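Q: Go by the hints and put chains B and C onto chain A.
Protein chains in written order, with the numbering used here: chain A, 1 to 280; chain B, 281 to 564; chain C, 565 to 929.
If you're looking for bench data, these hints aren't it; they were derived computationally from the structure. Since we're looking at a predicted model, the values are computed, not measured. Honestly, I wouldn't trust all of these hints.
Below are the DSS-like pairs computed for lysine-lysine, each with C-alpha atoms no more than 30 Å apart in a straight line [as the list claims (entries may be wrong)]:
#, chain 1, residue 1, chain 2, residue 2
1, A, K267, B, K374
2, B, K287, C, K910
3, C, K639, A, K164
4, C, K673, C, K685
5, B, K494, A, K271
Residue-level listing of the chains:
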Amino acid sequence: MKTKRRIRNTAVYILLFVLSVAFLAPIAIILMNSLKGNFYISQAPFTPPDSETFVGAENFIKGFSQSDFMRSFANSAFITVFSVAGIVLLTSMTAWYIVRVKNKFTRLMYYFFVFSMIVPFQMVMYTMTYYAFELQLNNPVGIVFIYLGFGAGLSVFMFSGFIKSIPNEIEEAAIIDGCSPIKTFFLVVFPILKPTAITVAILNAMWVWNDYLLPYLVLGSGENKTLPVAVQMALTGGYGNKDMGALMAMLVLAILPIIIFYLFCQKYIIKGVVAGAVKG
Amino acid sequence: MQKMLKKYFPVFALPTLAAFAISFLIPFILGVYLSFTEFKVVSERKWVGIENYIRIFSQDETFLNSLWLTVKFTFVSVLTINIIAFSLALLLTKGLKGTNFFRTVFFMPNLIGGIVLGHIWSLIINGILGYFGVDITYDPKYGFWGLVILMNWQMIGYMMIIYIAGIQNIPDSLSEAAAIDGANPWQNLVHVTIPMVMPSVTICSFLTLTNSFKLFDQNLALNGKSPDTSLLALDIYKTFYDHTGLKLAQWHGMGQAKAVIFFLLVALIAFIQLRATRQREVEH
Amino acid sequence: MATITFRNVAKSFDNGKFTVIPDLSLEIKDKEFVVLVGPSGCGKSTTLRMIAGLEDISGGELFIDEKVVNDIPPKDRDIAMVFQSYALYPHMTVYKNMAFALKLKKMPKKEIEEKVMWAAKILDLEPYLDRRPRALSGGQRQRVALGRAMVRNPKVFLLDEPLSNLDAKLRTEMRSQITMLHKKLQTTFVYVTHDQTEAMTMADRIVVMDKGVIQQFDTPQKLYNEPANMFVAGFIGSPQMNFFDARLENANGLKAKSVGFELEIPKSKAAFLSDYINKNIVLGIRPEHFISPDEAFEKGSCSLTVSAELAEMTGSETNIHFELDGKRHIARIKSDKKINRGDKIKLLVDPETVHFFDKETSLAI
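So that you can see chain A by itself, here it is in the shape it has in the complex (with noise of 0.2 Å):
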């Protein structure tokens, strides 16, 4: 009996271990072609760097200086801070609005934001590109704009599900303690959704960062552009030779913040999406 599971779980680990390999090989692949020549990229994909092969930080460099990366990074972290903190504040104030303020409006205004999770961004995307170019949205400050616009849906969807279960008497208990709406808001209410602003932030976070199709068409492909519009404009762009080692470092670059965010709040962020997951 006891052999028998032995043996079970050693083949379990085998075949987990297998999987891990094969889950983390993509990564590796690129990670392993970012630190060789150019000219090895292609010809030997899959075989690691050696001592002829190597080449060590040189494509990194090349990926930061030939591509405008760096500013292209720095877009990214622009927008995705900014619109992760105006969505998560704006529209838990709004979601408190909703669920306290019960009329007709209010509610007319929820299944707004419920429908809006289900459009498919296709729907939208032209019409919403042209009042970006009319209203000069399309700016990385504008952008931000937009973002609340687009994550307005789940969030309070998300936030008014949990507003739901705060029970009413906590409110009511710092009004007579002498809270105005906003005191109330910012002193009891927000402080007891923190757990859902987390999930909020990383959703949105995810979503924003990784986003392409939205910074292309608003941003452009130009001085603006964010990093997913950077890495598919590197990739496809223009014909002829390629800077393959550039490129490869650039794709690693893309990922590592990610990598690393993830494993620093890993708990958090698998919450987050699983919890986002089940509600949407």
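A: The following block gives chains B and C in isolation, referenced to the frame of chain A:
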């Protein structure tokens, strides 16, 4: 409270509502309207009734092709992703040591954005096909299965986490009772575990369904160069921005009409999901 | 100093679609402990919340200390409230929960600390000041809620079913704590409950409400001895008062004839009842006013024999359930004999303890 708070509409609700109206609501309404017009730019439009909708099926064979491709792709991915994810979840809930490490590894691809992901796989697939002297554009089959592999790689970890949560929610006493009743591990799986994780199955099926159906970034990055492997979302994009033949205004009108049909299909899936979830809630 | 006066106050929801309180007038004296009691949905909580300012007043005027407060926001009414669910701020420690209102008033830190420590000492909360509400027991949370109200030194203390989430033993304990607190603080207390025992044991005066209307407002003693109508009579006292339909007849003196027994009207009541001769009335007899023949008792001019359906021994007394005229009744008698189902039991009634009600209006005669 309600009375006091009501006055604060401009503080609490207006900013979100304004952003929502400008970036979603008004474009949505305008989008539905434009699908019945021909337009070069939004301000120059001509009412054509349902002409665009007719043209999609009569003059542009890409739409039906990509619809069929999307359906095939969605079917295959939903099946493979859920079967593999569920099997992994079973292995990782056996109480073995080190499951956390495996969970971390399997989930990781989910966080990488579609564009980057698509290019990573494009390099790998082209690298392999390179040994045979072809690349991914050589045969639509390559593009299709490449996309399936990519989708599996990205979604399996995610679904696995949801299945793990579902399996862990089953009380131990249930399997113990089944064991006392003489069930072997296989019977336990079929008669206890699977029926008990049906809620997770519903969630995962619909998540993979909608995600596959709406797939865009990965498709663009991996198959952008092979015209025969555009899923619906990419086909709509190409109708708008990448086309030859008809007049620009006609392409735009047709693109918007395709988008409306696409939206209706996605809404239908969401509606079915809602029904399925409601029904289950009633049963319990 | 704080009196609370309702003058023809009305409350309705949804622009007058649902009226909860049609017309309420009430005067609560300074330093009084008033309990609002009634079945759920009777409007007692709404009344309390109007004092707090959490509900708008649809009509009439509400005074706190001679001042109309209809449009004064809660924080300017100088009131404190304890909620049924305690409503503690989950993200704050016990100390911060209690200090919150004072901080909002911008009271100096030193003074806040003094007040919180004072309340914590009275309520035995000193060891828990750094804990979050989550880490406290129900009783402790309840005390924090009281402390939060105390530190503000309000003119009026409002308590909305504060004990209904506690178990029976703790409830009894907290009951006396709150009564003592009232004596110590010397402020006006308005307390809402659906539990008549709480009302009877704690109140200076009780407001009995039903369907938004005050049925009676008086001391516990008066409510018990002289209920104004059948509703109050049935609501106050446990087990409930028994009601018997009867007909008043004048044959050899006033007699009330009911199914199974006959009652001679005592002289003290005869004058009031003279209008009801040959009319239907309702007799109200409290379970504890039935007397077992085992007890030495002379005056009994009325007796009935019933068949016990169920006998519950509670120690010194026995509750006998019986049926008469198609209705179930309870008699509580002193008895050390074992009573079995189906036993025939003779019960005596002292006519002086019987209540008489008009069958039409259900008012006391």
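Q: The structure should be examined with respect to each hint, and the outcome stated for every one.
A: Going down the list of hints, with the structure as the test:
{"no.": "1", "hint": "K267/A / K374/B", "verdict": "21 Å, holds"}
{"no.": "2", "hint": "K287/B / K910/C", "verdict": "69 Å, violated"}
{"no.": "3", "hint": "K639/C / K164/A", "verdict": "25 Å, holds"}
{"no.": "4", "hint": "K673/C / K685/C", "verdict": "18 Å, holds"}
{"no.": "5", "hint": "K494/B / K271/A", "verdict": "24 Å, holds"}
Checked against the numbered hints given earlier, the structure breaks only hint 2 and satisfies all the rest.
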